Amino acid sequence: MAMTDSGAAFVEFDRVQKSYDGETLVVKDLNLQIAKGEFVTMLGPSGSGKTTCLMMLAGFETATHGEIRLGGVSINDIPPHKRGIGMVFQSYALFPHMTVGENLSFPLEVRGMGKSEREEKVKRALDMVQMGDFALRRPAQLSGGQQQRIALARALVFEPQVVLMDEPLGALDKQLREHMQFEIKHLHESLGITVVYVTHDQSEALTMSDRVAVFENGRIQQLAPPADLYERPENSFVAQFIGENNKLPGTVVALDGDNSKTEGKIATVKLEDGATCEALAVKCGGPGSKTLVSIRPERVSVSAEPGPNSTTAQVLELIYLGDHIRCRLNVHGNDEFVVKVPNAAGHKHLVVGETTQVTWDAEDARALDPL
Amino acid sequence: MKKILILTTALTGFAFAATAEEEVTVMSWGGAYTKSQVEAYHKPFTAETAIKVVSVDADNPATPIKAQVEAGNVTIDVADVEFSDAIRLCDEGLLEEIDPSILPPAPDGTPAIKDFIDGAIQDCAVANIVWSTVFAYNKDNVKGTPTSIADFFDTGKFPGKRGLRKSAKATLEMALMADGVPADKVYEILNTPEGVDRAFAKLDTIKDDIVWWEAGAQPPQLLADGEVVMSTAYNGRIFNAAVAESQPLEVVWDGQILDFDLFVIPKGAPNKDNAMKFIAFATSTKSLADQASYISYGPARKSSGALVGMYQDGKTEMAPHMPTAEANLSNALVNNFEFWVDHDAELNERFNAWLAK
Amino acid sequence: MVDATTNPTNTGLTTADGKPLKAALAHAQARSRRRAFLLVLPLLLFIVITFIVPIGQMLKRSVYNDGFTVQRNLTTGEKTPIMVNLAKWFDENPAGTEPDEAAFAALVEDLKQLKELRAAGQAGTRINYELSGSRSLFTQGARKAKKLQPPYKEALLELNPKWNDPKLWQVMRSASSNFTGTFFLAATDRTRDADGNIQSVEENRQIYLKLFWRTLKLSVLITVLTLILAYPIAHLLATLPLRYSNLLMIFVLLPFWTSLLVRTTSWMILLQSQGVLNDAMVAMGLISDGNRIQMMYNQTGTVIAMTHILLPFMVLPLYSVMRPINPSYVRAARSLGATSWTAFRRIYFPQTVPGIAAGGLLVFILAVGYYITPALVGGSDGTLISNLIAFHMQKSLNWSMAAALASLLLGGILILYWLYDRLVGIDNLKLG
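Residue numbers (the numbering used here), protein chains in the order written: chain A, 1 to 371; chain B, 1001 to 1357; chain C, 2001 to 2432.
Keep in mind the hints are simulated off the structure, nothing from the lab.
These numbers were taken from a predicted model, which means no experiment stands behind them.
Yeah, the Cβ is synthetic: ideal placement off N, Cα and C, and Gly gets one too.
Wrong hints could be hidden among the right ones.
Restraint-style ranges between C-beta atoms, simulated for each label pair [what the hints assert, rightly or not]: (1) R2143(C) to I1113(B): 46 to 56 Å; (2) F2037(C) to V1038(B): 49 to 59 Å; (3) I2228(C) to K1035(B): 32 to 42 Å; (4) I1113(B) to Q2149(C): 27 to 37 Å; (5) L2414(C) to D1154(B): 28 to 38 Å; (6) A1244(B) to N2178(C): 48 to 58 Å; (7) Y2417(C) to D173(A): 52 to 62 Å; (8) E2109(C) to I1113(B): 26 to 36 Å; (9) K2019(C) to P45(A): 56 to 66 Å; (10) P2241(C) to Q357(A): 50 to 60 Å.
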């Protein structure tokens, strides 16, 4: 599903910039192509510019520079109500003075649709979100999850080409949120609509999306399918923002291009405690440049097996989590080095204070840009 | 209150002296008005009779009278009240009757009952001052010199807005006088339906040019602002604006309507005899004339007019500013309280209906 | 639980020491309830003393007046019935009976008593409310009553022929009963003729209905004007960032901190014919000096000044309703395909209706009862009904009349309130 050919882009941001005060850019040179039927998530911390992008797409904010296209046509000058984009708000924005049925009927009414047709579509949309019996209720009489479904149904009832969702699950509790993630994903697949989804919750992004755009400081740091994002972060920010991550700062001392097992080069990095380790060079300079070696906790194994990255580690803390045990270790002078030890037979039983050996593959360690 | 306290202390101190000091308590309105009375009445009275005068002030001296008489604990001997209160309190039996024969005659021997302006002596009250509703004009804004009440109603001769008090009282009388009714026939005519119609018909001729006022402070302001060229007003207010504030305002006395402030004695006053003496003294020709040099309200006696002196500034002759000055009384009307008690409601209803038309 | 199951006679639960749980709960709650009641007691007393009792007295006064039946001795507080002989004659003879010698004899007897009690002014005032010119009739009659000789009818008529006025006798008959509808009749420009039939007063005295109607009209106009002016400003206040809206709010509230008289006077200075606005227009050549526009001392002045004075009462409820309206509602509507006008009309506006209703009700009720401003700037045609209530309270001292007018006003407002409840629903009211 990933976009490669910009000619087939359905939603396209072309060198879009946005500034509110004329001094700082909230969105810096945004280029993004989304294919028809794709589920793209904009993920990032608050203030990273993701919501502003969504609002520009919806038409509530104007781009300071650049062009936004929908189906190949520039929509910069088209007012929101003519864009035909459905939107689900974080607050749901269900009209409190209308019943659920009237809420759903509203977009059809303003399009001048006849009564019988409206009723039929409203019914179908409500059935779609399993809320068929609630047409006569007021939004205030519904639970958070129910309101969420109604908001979803309302954004879909007029069959828009694109549906935007602005942190739609933010107000729900964990269990309900996970359930709704599944339902939204399911609706997306069955209806074949294009979804642009904004969230700051990485697990939500990873679960639902075809591709995730990680925002930081007004830029897309990485745009990739979830698995790539987790396993092959392209820079320190993404590595740190997505999932858990052990960081070892150091300096590149050598680059080895001869290693045939990997696509990239293997860099030899001198760490702060003087030891060296090997890591896959992803985003680092030549010898002498600073770098940050990033290793996922589950890629580190507690074993005495010798290797280039084998080192001693002191056990500082153990947290029992059922399926695995979370160990906090001191590795290469880093007190926050975390290792996940599966709670399975044959694994070593660690004790706090003991010194043990840990190791990881050079391909699992990524030498990224320094922070 | 403080004065009473000081006096009480003094009296206690002298209680051992052989003779108990005689006194009389007089209640008035305070401010410059009380001051004028202290200078003109109280001090000379004490000097002549050795009766101490205790001066007490109230917002409206009529109010404590009712309360004190009802409670059977009267501390005031003399009070200075408005006409309507004097009549009402008398009607309700709260006042001592005052025999007019105790009042001294004029220096030329005219008996008091003839010397006082008509209506100034009532069953339970004797007037000391006269204030009046007059009309005044702004010299800078009026072309020519209005001289009569008819001029006030003549917008052809003197174009411009007119200020009038939003009340039937005084307004209807002035309308009739402007229409040629002599002062002594005003209430007689106003007592007939035709007379009322006549007054309203006269008012109709200037209705569109009237700016209505309600508070006494408004007319001098309206005149000074040029909002109106002529306005009815209380004479003291115009005097104050013209003399103290040097505004170009001039009073026209023709068709003025006089009202009284009167001395009364509450029923059961502790020093009733002294109170009678005080009233007789204070309403003598000379006392009334003396008071007029402190404030621009007229003495209630005709004979006092000639004796009125200078205003405090030492250069303004008071006499011409008195409502009671002989020259100003040529066409003057004394407010008829009885008439208004009878017809206030009816005429004001009619007046309001006329306004709303 | 154990107790409850082992004790078949008591089906309810009990506490650990065996008391019924319900009783224990009631006991525990009674104490907190008593405490809560004691906390509100001062306010309750205050409201009863300063609000309910006076309003009750006002309502009573509008239909009750004993000026012609009872005299209170001011020294002792003792009440003496007056006009008893006449009242007896009225009892014995039905309405419309020609007053005979017996009636006049009774009247003279009562007049003598009035003289003794010094109650002639009071009794005359009561009759004067309904028949102008009667007060002096009574004071004069009482003064001379002692000297009158039978036949009393001739004697009295000789004293003053007005004593034979059938209208007078009708009024005295109605006044000899303490309860009367006279004041309500008068408050609606009606009266009773000599036969007791209700009829309108002469046209040139009809004032109250006209003023009620004008008060209603001007109050509605002022309410609509404040709404039109307040709606945009309240919206701005609600949507601006807090630091700007706070500043703007101070400007809105500024009039609140200024004395009403000062504000009214400033309007006079601004709007009068020699005022700032007229001067400016003359200076700009918009109008000639001779044709200055009269904006003060008429209805225009009343409407302008009152609209300004009452504006904050509309802004604040609107603001308090608009502030919590999430901007995403309008955005949602826009994204669903509504034009900005449709979004306003269908989504934003309906959510502000409670504020409009609250502000409207507040401004309307305040406008209906306003009297200082119309008194100062109203001139002849900007006077409202409250000015006449004040007139009867302060000048004519006919409190029964003032009470009747005020009761009608109160009744009118209650009817409007009821209509409002039916149309908008009182639970939709939101004052902030």
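We went through each hint and held it up to the structure:
1. R2143(C) to I1113(B): 46 to 56 Å: violated (19 Å)
2. F2037(C) to V1038(B): 49 to 59 Å: holds (57 Å)
3. I2228(C) to K1035(B): 32 to 42 Å: This hint is violated: roughly 54 Å between Cβ atoms.
4. I1113(B) to Q2149(C): 27 to 37 Å: Holds - the Cβ-Cβ distance for I1113(B) and Q2149(C), about 31 Å, lies within 27 to 37 Å.
5. L2414(C) to D1154(B): 28 to 38 Å: Between L2414(C) and D1154(B), where Cβ atoms are some 50 Å apart, the hint is violated.
6. A1244(B) to N2178(C): 48 to 58 Å: holds (53 Å)
7. Y2417(C) to D173(A): 52 to 62 Å: Because 44 Å falls outside the window, the suggested range is violated.
8. E2109(C) to I1113(B): 26 to 36 Å: Holds - the Cβ-Cβ distance for E2109(C) and I1113(B), about 34 Å, lies within 26 to 36 Å.
9. K2019(C) to P45(A): 56 to 66 Å: holds (59 Å)
10. P2241(C) to Q357(A): 50 to 60 Å: Roughly 58 Å apart at Cβ, these two residues keep to the hinted range, so it holds.
The earlier numbered hints that this structure contradicts are 1, 3, 5 and 7.
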